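Peer 1: First to last, the protein sequences are chains A and B. Under this note's numbering, think of the first position of the first sequence as 1, with each following residue one higher. Under this note's numbering, think of the first position of the second sequence as 1, with each following residue one higher.
Simulated from the structure, these hints should not be mistaken for laboratory data. Hints are not guaranteed to be accurate.
It does not matter which identical chain is meant; a pair holds if it fits inside one copy or across any two.
[As the list claims (entries may be wrong)] In silico DSS-like links for lysine-lysine, alpha-carbon gap of 25 Å or less: (1) 190 / 209; (2) 120 / 268; (3) 63 / 120; (4) 209 / 281; (5) 387 / 268; (6) 190 / 122; (7) 404 / 209; (8) 268 / 190; (9) 387 / 63; (10) 338 / 20; (11) 63 / 110; (12) 191 / 281; (13) 122 / 110; (14) 191 / 242; (15) 268 / 242; (16) 190 / 281; (17) 20 / 63; (18) 122 / 63; (19) 110 / 191; (20) 122 / 338.
Here the structure is a predicted model, which means the values were calculated and not measured.
Protein chains: 2
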Amino acid sequence: MALIVQKYGGTSVANCRRIKRVAERVISRTEQGDDVVVVLSAMAGQTNYLTDLALEMQSNPDKRELDVLLSTGEQVTIALFSMAVKAMGHEARSFLGYQVPVETDAAHSKARIQNIPAEKLKNALNNGIIPVVAGFQGVTDSGDITTLGRGGSDTTAVAVAVAIGADVCEIYTDVDGVFTTDPGICPTAKKIDRISYEEMLEMASLGAKVLEIRSVEFAMRYDMPIHVRSSFTNTPGTMVVKEDELMEDVLVSSVTYSRDEARITISKVPDRPGIASAIFKPISDANIIVDMIIQNARAGDLTDMTFTVSRADFDQAMSILEETASQIGAESVAGDKKIAKVSIVGVGMRNHAGVASSMFDILARHGINILMISTSEIKVSCIIDEKFTELAVRALHEGFGLDKE
Amino acid sequence: MALIVQKYGGTSVANCRRIKRVAERVISRTEQGDDVVVVLSAMAGQTNYLTDLALEMQSNPDKRELDVLLSTGEQVTIALFSMAVKAMGHEARSFLGYQVPVETDAAHSKARIQNIPAEKLKNALNNGIIPVVAGFQGVTDSGDITTLGRGGSDTTAVAVAVAIGADVCEIYTDVDGVFTTDPGICPTAKKIDRISYEEMLEMASLGAKVLEIRSVEFAMRYDMPIHVRSSFTNTPGTMVVKEDELMEDVLVSSVTYSRDEARITISKVPDRPGIASAIFKPISDANIIVDMIIQNARAGDLTDMTFTVSRADFDQAMSILEETASQIGAESVAGDKKIAKVSIVGVGMRNHAGVASSMFDILARHGINILMISTSEIKVSCIIDEKFTELAVRALHEGFGLDKE
């Protein structure tokens, strides 16, 4: 008998028929003898619909009131789901954020979970009742509703799993698990059976959209295994777990890519102390996140600075930079939106030299020029011309043997 | 400077445009120096939509979960309304049932308000913030969401008004106030400027649908004046207040009618002690409400029993009665759905004899036969053939001089 948290996303509860199907899944699991706590998202599309209503009222909706509004989405699904379970002759009970309670800080729209008392959920389980928890929402000390940001239901699920001491947190989605790369680009992509928290974190931040980053951080901190799997099949998915020795045998576990990249270069900057700060402070003041940065020295105390931002921030960053360039006496500012980032991820890299140079070699053999490079302990990312994205992903996937069993 | 509760119904907040218009109204009132607490219903149609979803999940939806589901309707409007106020440069803050808190018993779907601490609402007012309270919903001791039943937002508004010691509770609706009769039937119907709680109560239970009965009971108990008025105009509406001497000069203040009536007669019942119970217990066991009852003695220890039920319950009541008739040895059961109830209401009746006989006389002069009669201290109701409904309403309205200024 296991204690399990199951989280179902918006597509799994998109309408009454699907909610009933999820109820059947949960009941069949409890009938096998497992204790299940359910965490639900809002029906697919509902959060966008409510956000549009809010934007009709206020161009920049008040964050406290937006949380009151958006949290109704999960409130609807947990009530309907509990009814479905009861209609099938079993017991269920819905829990809103304030009822569990899911205690958070007061940062509306991106609140962080601080504590989840497990008592009420455990009481329900002990009485044969399936607890059905609203994902994405929490409550502050003073009783205000908060939300955890997009994808926050994953975080709720992992935090609830930690709170009740679950054996595993199952995240149900519309794909079969985590893949070695995007199957839409690379048909030989394979489902990964086991992957470490660290690799999953890198993949999430590099563009793979399976799990919300904070939920993985949470799971890693408390060593809570996550099982990513499909709500439409019974196939086992991907276990996201603590790194083990077996994993280290694999040099590269996945290839990711992101087209949401743009590059900006400011040329012939007078190189003096504090110059980097003069360039980047106005950009961070505008809440623009800079990813990679490269500095190339030139002759005569001049330097070039190149960095990447997300495409949505490109135009604003360019105009800020042009202002800065004239202030600090740089020669010119140039931008390029037609770039992409391809990355390889794998904990095996820690103990093996030469993985990065293999990557460069594979790209070179396919005639792909590398514009920028950044590395961490377990990943290597290269910025390339956008038009080579698919080619690079397929070449790396094959080059590192990920297409083989 | 007055302290006012304003309640806006579903048609007044049916879409974003109307919510903004209500926000403008509220702000203009605060700019005149009044303190306003707003109570809102769900958008028109939303409660029915959610109820339909619930019925898809469970044929008889679990009442606790249904309350969780339905309460999202008001949660949406209070959040959107608060955003609208803020977009106009004023301060507002939404309050859910559990946040005020509106403390109720645990009778889900028809909970009764037990207490409303005024502290948080008053704090908001003292800080120049317009409190926006979700109507229709409350919270139990154990933190469960309850709802107050259809029309419950009126009750929330009056209870909040009592809790904060408001000068008046304004109920905004899509009509100009309370009328001497239905203007749709009788074009000479006049808006009533002032009416007593007792009269309003009788009118509500006799078929006039302006105010929810429990809100009037609440207002009467705590002597809270209700101002029923239109959210689409600035015309003063109808004040519902404590009875005063002026009101007693008016014998009849309104004429109401209801077509939701059906009559059943069980004939030649052996008249022995306990026979009424034998007839009516099976009916009340089926949750059917009986309105008027008449018993006519016949010769030879036989009696006829006639009573009225709502039309929706007619078929079920008939089949129950036929069963009963054979058990107790009654001769026959006959039913009639083509009847209506017309009533006159007025506190002046208390001190004036002859009002009932005037009514009978007016109906007789128009050739309308009276099938059943029931009276209370301040109303007289007659059951008549349904086809005479409009004629009777117009004749009584004119006969008691309600068409005159």
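Peer 1: Does each hint fit the structure? Answer for all of them.
Peer 2: Comparing the hints with the structure gives:
1. 190 / 209: within (16 Å within a copy, 65 Å between copies)
2. 120 / 268: Cα proximity of residue 120 and residue 268: none, with 63 Å in one copy and 60 Å across.
3. 63 / 120: This pair counts as between: shortest inter-copy Cα distance 20 Å, intra-copy 29 Å.
4. 209 / 281: Neither. Shortest intra-copy (30 Å) and inter-copy (63 Å) distances fail the 25 Å Cα cut-off.
5. 387 / 268: neither (29 Å within a copy, 95 Å between copies)
6. 190 / 122: Result: close neither inside a copy nor across copies, 38 Å intra and 61 Å inter.
7. 404 / 209: This pair counts as within: shortest intra-copy Cα distance 23 Å, inter-copy 73 Å.
8. 268 / 190: For residue 268 and residue 190, the Cα distance exceeds 25 Å both inside one copy (46 Å) and across copies (84 Å).
9. 387 / 63: For residue 387 and residue 63, the Cα distance exceeds 25 Å both inside one copy (39 Å) and across copies (57 Å).
10. 338 / 20: neither (45 Å within a copy, 43 Å between copies)
11. 63 / 110: Within one copy only: 10 Å inside a chain, 33 Å across chains, cut-off 25 Å.
12. 191 / 281: neither (42 Å within a copy, 67 Å between copies)
13. 122 / 110: Neither: 27 Å inside a copy, 29 Å across copies.
14. 191 / 242: Intra 18 Å, inter 75 Å, cutoff 25 Å: intra-copy only.
15. 268 / 242: Close neither inside one copy (47 Å) nor across copies (85 Å); limit 25 Å.
16. 190 / 281: neither (43 Å within a copy, 70 Å between copies)
17. 20 / 63: Only across copies: residue 20 and residue 63 sit 18 Å apart there, 33 Å inside one copy, limit 25 Å.
18. 122 / 63: Answer is between: at 23 Å across copies they meet the 25 Å cutoff, but 32 Å inside does not.
19. 110 / 191: neither (31 Å within a copy, 52 Å between copies)
20. 122 / 338: For residue 122 and residue 338, the Cα distance exceeds 25 Å both inside one copy (53 Å) and across copies (57 Å).
Figure legend: structure checked against the earlier numbered hints; hints not met, in rising order: 2, 4, 5, 6, 8, 9, 10, 12, 13, 15, 16, 19 and 20.
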